[in-house]
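Can you make the complete structure from the sequences, with help from the hints?
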Amino acid sequence: MMTKEKPEGFNKRFDIAGCFVQHDGKFLLLRRQPDKANGNTWGLPAGKADPGESMLQALLREVQEETSLQLSEESITYFDSLYVRDGDFDIEWHMYATTHEAQPIVQINPKEHSEYKWVTPEESLSMDLIHDMPESIKLFFNM
171 MMTKEKPEGF
181 NKRFDIAGCF
191 VQHDGKFLLL
201 RRQPDKANGN
211 TWGLPAGKAD
221 PGESMLQALL
231 REVQEETSLQ
241 LSEESITYFD
251 SLYVRDGDFD
261 IEWHMYATTH
271 EAQPIVQINP
281 KEHSEYKWVT
291 PEESLSMDLI
301 HDMPESIKLF
311 FNM
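Every letter in the sequence shown is one number past the one before it in the numbering used here, and letter 51, counting from 1, is 221.
Treat the hints with care, since some could be wrong.
As the list claims (entries may be wrong) - Heads up, simulated SDA-like pairs for lysine to any residue below, C-alpha to C-alpha not over 20 Å straight-line:
1. LYS174 - GLY257
2. LYS287 - GLY195
3. LYS287 - GLN192
4. LYS196 - PHE311
5. LYS218 - ASP258
6. LYS287 - LEU241
7. LYS196 - ALA272
By construction, these hints were calculated from the structure, which means they are not laboratory data. Bear in mind the structure is a predicted one, so any value in this text is a computation, not a measurement.
So this is what it looks like as C-alpha coordinates:
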(Lines of atoms letter the chains of each structure in order from A and count residues from 1; the text may use other names and numbers.)
(Lines give C-alpha, C1' and ligand atoms only; values in the text may rest on other atoms or scores of the structure.)
Protein backbone atom coordinates (compact mmCIF):
# COMPACT_ATOMS: atom_id res chain seq x y z
CA MET A 1 0.00 0.00 0.00
CA MET A 2 1.28 3.44 -0.94
CA THR A 3 -0.31 6.67 0.33
CA LYS A 4 0.30 10.40 0.43
CA GLU A 5 -0.96 10.60 4.02
CA LYS A 6 1.00 8.88 6.79
CA PRO A 7 -0.90 5.72 7.80
CA GLU A 8 -1.90 5.22 11.41
CA GLY A 9 0.80 3.36 13.31
CA PHE A 10 3.39 4.03 10.58
CA ASN A 11 6.75 2.77 11.87
CA LYS A 12 9.34 3.88 9.31
CA ARG A 13 12.31 1.57 8.98
CA PHE A 14 14.17 3.80 6.54
CA ASP A 15 13.95 6.28 3.68
CA ILE A 16 14.50 5.31 0.06
CA ALA A 17 15.23 7.74 -2.78
CA GLY A 18 14.60 6.79 -6.41
CA CYS A 19 15.14 8.60 -9.69
CA PHE A 20 13.26 8.67 -12.98
CA VAL A 21 16.26 9.01 -15.32
CA GLN A 22 14.66 10.13 -18.58
CA HIS A 23 15.73 10.42 -22.21
CA ASP A 24 13.66 10.86 -25.37
CA GLY A 25 10.29 9.81 -23.89
CA LYS A 26 11.76 6.79 -22.09
CA PHE A 27 13.12 6.19 -18.61
CA LEU A 28 15.67 3.83 -17.10
CA LEU A 29 14.70 0.65 -15.26
CA LEU A 30 17.13 -1.76 -13.59
CA ARG A 31 16.52 -5.47 -13.04
CA ARG A 32 17.52 -6.65 -9.58
CA GLN A 33 19.78 -9.67 -9.24
CA PRO A 34 17.84 -12.85 -8.31
CA ASP A 35 19.54 -13.14 -4.89
CA LYS A 36 18.56 -9.61 -3.83
CA ALA A 37 15.35 -8.60 -2.06
CA ASN A 38 12.61 -8.42 -4.71
CA GLY A 39 14.95 -10.34 -7.03
CA ASN A 40 14.33 -10.36 -10.80
CA THR A 41 11.99 -7.37 -10.58
CA TRP A 42 12.47 -4.03 -12.31
CA GLY A 43 12.79 -0.71 -10.54
CA LEU A 44 14.32 2.72 -10.66
CA PRO A 45 17.88 3.46 -9.62
CA ALA A 46 17.20 3.81 -5.91
CA GLY A 47 18.44 3.07 -2.44
CA LYS A 48 18.47 3.78 1.25
CA ALA A 49 19.85 6.93 2.79
CA ASP A 50 22.93 6.37 4.93
CA PRO A 51 23.00 7.94 8.41
CA GLY A 52 23.59 11.69 8.15
CA GLU A 53 22.91 11.77 4.41
CA SER A 54 20.24 14.02 2.91
CA MET A 55 17.80 12.37 0.53
CA LEU A 56 19.38 14.21 -2.41
CA GLN A 57 22.88 13.06 -1.37
CA ALA A 58 21.59 9.50 -1.05
CA LEU A 59 19.98 9.71 -4.48
CA LEU A 60 23.12 11.00 -6.19
CA ARG A 61 25.24 8.30 -4.51
CA GLU A 62 22.82 5.46 -5.31
CA VAL A 63 22.42 6.47 -8.97
CA GLN A 64 26.21 6.60 -9.34
CA GLU A 65 26.73 3.25 -7.56
CA GLU A 66 24.02 1.47 -9.57
CA THR A 67 24.46 3.03 -13.03
CA SER A 68 27.82 4.89 -13.02
CA LEU A 69 25.93 8.08 -13.93
CA GLN A 70 27.40 11.18 -12.27
CA LEU A 71 24.46 13.53 -11.72
CA SER A 72 24.68 17.03 -10.30
CA GLU A 73 22.30 18.41 -7.70
CA GLU A 74 21.19 21.00 -10.26
CA SER A 75 20.12 18.29 -12.72
CA ILE A 76 17.73 16.68 -10.22
CA THR A 77 14.12 17.69 -9.63
CA TYR A 78 12.19 16.58 -6.57
CA PHE A 79 8.84 15.01 -7.47
CA ASP A 80 7.07 13.63 -4.39
CA SER A 81 7.34 11.55 -1.22
CA LEU A 82 4.95 8.77 -0.27
CA TYR A 83 4.44 6.36 2.60
CA VAL A 84 4.77 2.69 1.72
CA ARG A 85 3.46 -0.11 3.89
CA ASP A 86 4.20 -3.70 2.92
CA GLY A 87 2.86 -5.78 5.80
CA ASP A 88 4.83 -4.69 8.87
CA PHE A 89 7.49 -3.07 6.69
CA ASP A 90 7.14 0.74 6.49
CA ILE A 91 9.31 3.03 4.38
CA GLU A 92 9.17 6.59 3.12
CA TRP A 93 9.67 6.67 -0.67
CA HIS A 94 11.14 9.86 -2.19
CA MET A 95 10.93 10.29 -5.96
CA TYR A 96 13.17 12.51 -8.06
CA ALA A 97 13.73 12.98 -11.78
CA THR A 98 16.39 14.01 -14.26
CA THR A 99 16.28 14.39 -18.04
CA HIS A 100 19.16 13.91 -20.48
CA GLU A 101 19.30 15.34 -24.01
CA ALA A 102 21.69 12.60 -25.16
CA GLN A 103 21.19 9.02 -24.00
CA PRO A 104 23.63 8.51 -21.14
CA ILE A 105 25.98 5.54 -21.08
CA VAL A 106 24.84 3.23 -18.30
CA GLN A 107 27.17 0.73 -16.64
CA ILE A 108 25.20 -1.25 -14.08
CA ASN A 109 26.71 -2.65 -10.92
CA PRO A 110 26.57 -6.43 -11.55
CA LYS A 111 26.44 -7.13 -7.80
CA GLU A 112 23.05 -5.43 -7.64
CA HIS A 113 21.48 -5.60 -11.10
CA SER A 114 21.50 -8.01 -14.03
CA GLU A 115 20.36 -5.66 -16.81
CA TYR A 116 18.84 -2.32 -17.67
CA LYS A 117 16.32 -1.04 -20.20
CA TRP A 118 15.09 2.29 -21.50
CA VAL A 119 11.30 1.97 -21.64
CA THR A 120 8.23 4.10 -22.19
CA PRO A 121 5.85 4.43 -19.25
CA GLU A 122 3.34 2.22 -21.10
CA GLU A 123 5.96 -0.49 -21.78
CA SER A 124 7.06 -0.47 -18.15
CA LEU A 125 3.61 -1.41 -16.88
CA SER A 126 3.79 -4.78 -18.65
CA MET A 127 7.10 -5.65 -16.92
CA ASP A 128 7.62 -7.50 -13.65
CA LEU A 129 8.02 -4.39 -11.49
CA ILE A 130 9.05 -4.13 -7.86
CA HIS A 131 6.04 -3.66 -5.55
CA ASP A 132 4.41 -0.21 -5.70
CA MET A 133 6.43 0.72 -8.81
CA PRO A 134 3.35 0.62 -11.09
CA GLU A 135 1.63 3.18 -8.86
CA SER A 136 4.77 5.35 -8.79
CA ILE A 137 5.03 5.28 -12.59
CA LYS A 138 1.34 6.13 -13.04
CA LEU A 139 1.64 8.99 -10.58
CA PHE A 140 4.85 10.39 -12.07
CA PHE A 141 3.66 10.20 -15.68
CA ASN A 142 0.10 11.26 -14.80
CA MET A 143 -1.42 8.08 -16.25
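Here's how the hints hold up against the structure:
1. LYS174 - GLY257: The hint holds at about 17 Å.
2. LYS287 - GLY195: Holds, at about 13 Å.
3. LYS287 - GLN192: holds (11 Å)
4. LYS196 - PHE311: OK: LYS196 and PHE311 at ~11 Å, within 20 Å.
5. LYS218 - ASP258: holds (18 Å)
6. LYS287 - LEU241: Given that 20 Å is the threshold and the Cα spacing comes to 19 Å, the pair holds.
7. LYS196 - ALA272: holds (12 Å)
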